[in-house]
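Asker: Chains as they are written, first to last, in the working numbering: chain W, 1218 to 1542; chain V, 2 to 260.
Treat each hint with caution, since some may be false.
If you want the footprint, here are the derived chain V segments under chain W, 3+ residues with CB under 8 Å [unchecked claim]:
id, segment
1, 18-25
2, 30-44
3, 147-155
4, 229-236
Hints were generated in silico from the structure; no laboratory data involved.
All residues carry an ideal CB built from backbone N, CA and C; glycine is no exception.
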Amino acid sequence: MILLWLECDAAGVTDISLETVAFARSLAAAGGGIAIRAALIGEVPEAARDQLAAHGVDEVHHVSGPSYDAYAGAAWASALQDIRARTGCVVVAAAGSPRGNEVLAHLAARLDVPMAANVLSFSGLSPFEVTRQVAGGAALEEMRLSQRPALFTVAGHAWVATPADTPTSPAWHEESPAVAEADLLARVSARGETKEEGPGALTTARVVVGAGRGAGGPGGFDHVIELAGLLDGALGVSRVVTSLGWRPHHEQVGQTGSRISPELYIPCGISGAIQHWAGCSSSKTILAINTDAEAPMVTKAHYAVVGDMHEVVPAVVEELKRRRG
Amino acid sequence: MADEGLRVLVCVKRVPDSSSQVVLTPDQQAVDGRMAGYTVSPHEECAIELAVRLADATGGVATALSLGPGESAEQLRNALAVGCTAAVHVVADAVAFGPADVAREIAAVVKAHGDEDRGYDLVLLGNDAADTGDFQVGIRLAYALGLPVVNGVSTLEVVDGMVSAHVDGPDGAETYSVPTPMVATILEGGVEPRYPSLKGRMAAKKVEIEERSPSADPVGSHRVQLTLPPPAPSSVEILGEGPSAAAAVVDLFERLGVR
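The whole structure should be built from the sequences, with the hints applied where relevant.
Answerer: Structure (structure tokens):
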């Protein structure tokens, strides 16, 4: 049996968690129809019930109670450990999100088994071998997970969150496993404003306009911001821009920033270092604007305009406004 | 009073610079940095900055630690140049050490220093290594030491033995209040790493780095091999040059339905 820890937001199960379910269905099918159990911890929106059925989850463990009111990585892992021990699942997986990697690492440490982060695919069941992203996605690692349970997280955007061919009617178990005091020491004790701007907006935007060193300075972003506004999109920047202090870190796209997967990404004046490509390679369409036709960002793009972003972007803004009347 | 200052250990890893093309070693067990050069991850640069600030503010000590080959001394010297005042080098073939091995070795140093009455209030690491991307060394270390751990920390303050660790969580800003000693893994973005001064570089040369051997043979990484994703042939369609391409760009927006 496979146990998945799935994350929810206000709207339901997160997209990256549903991608993990799709991966798990493929693994379950390869194993001859293994059951998929999902663990959800804390508040669960109503929509999650229909999503879990549509995506083919067989059993759901909903964990709640006073110990689970505020996030604590160790407590979350403790609950998963409890469910796994009772159900005998031989695989435990989660999304390759910050929290998914964190909770699975806690579980791996508690069980003293290996954990593979950011898995893209599996190539065999015995031995169980997976391929995962390393070096920010610039290289792949084939890793053997021979101990049980096998623990891994599924890289974002590696799988499409398609519903199951046959929906299920998952059995729903309400649970509140006991948590040791030590596992509640590092616990969220205060929360700020729910974010509206920032990484959330950037990672879900349909259009992202990017800007890099070519912006030239902190004052060089007016036109790309205007273009992003006209396209109802978000601004994303390269690491150079944030490390020079031109723009805040939460706007960074890359290995140490946000991973984006918009319908259209428009990198302007970004050369396309591996660190940046790691964050934007899942974009459906890329239109690069760059003075250097040989820049990696241009050669990897679907479309490109060769030119100075400070000339091209204002012209595009004008043309957009003209057509809209 | 130096006795009352915070003792902070910050762990760094020598990794290939990822700003240029990634090349693998002939045995396909590691990324080869001989052409690109070596660095530490941006997360670790921020961890060093936080360690130095906490030590400076309290009259404490920031110690840098690295597990790796002899050349890792370069990364330790860089940490010393920006304000760490002591360094520990566990000399080992980092490629043969998996995340559980590295956590065990860091724990061995922390315990040994604790036994010598120079234990740590805080152990800081990067959130994930830039090369192997395991996302787990800090957490495994916390379990090995029996300490609490906060992951993905942007900034932290310590007041009267309580750490306030700030995390940019999935739904917004989060704060953890955790007693010392504790472990934190740091994400880039909360602080601006300083550049080394000439004076700092000179001082760094004089520090004697404590060299240690691994406490146990490595279990390993469970790596079979590394591969490179197949290079995608360029299929870029050039829409035009300069501002005159604007119409073609907006045509594309219309075709993609994004306007």
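Asker: Does each hint hold? Answer for all of them.
Answerer: Hints, one by one, checked against the model:
With a threshold of 8 Å between beta carbons, the proposed coverage of the segment 18-25 of chain V by chain W holds, since 6 of its residues qualify and at least three are required. With 4 residues having a beta carbon nearer than 8 Å to a beta carbon of chain W, the segment 30-44 of chain V meets the requirement of three or more and the stated coverage holds. Here the segment 147-155 of chain V counts 6 residues with a CB under 8 Å from a CB of chain W, which clears the bar of 3, and the coverage holds. Restraint check on the segment 229-236 of chain V versus chain W: 5 residues with Cβ-Cβ distances below 8 Å, three needed, restraint holds.
Of the numbered hints given earlier, the model fails none.
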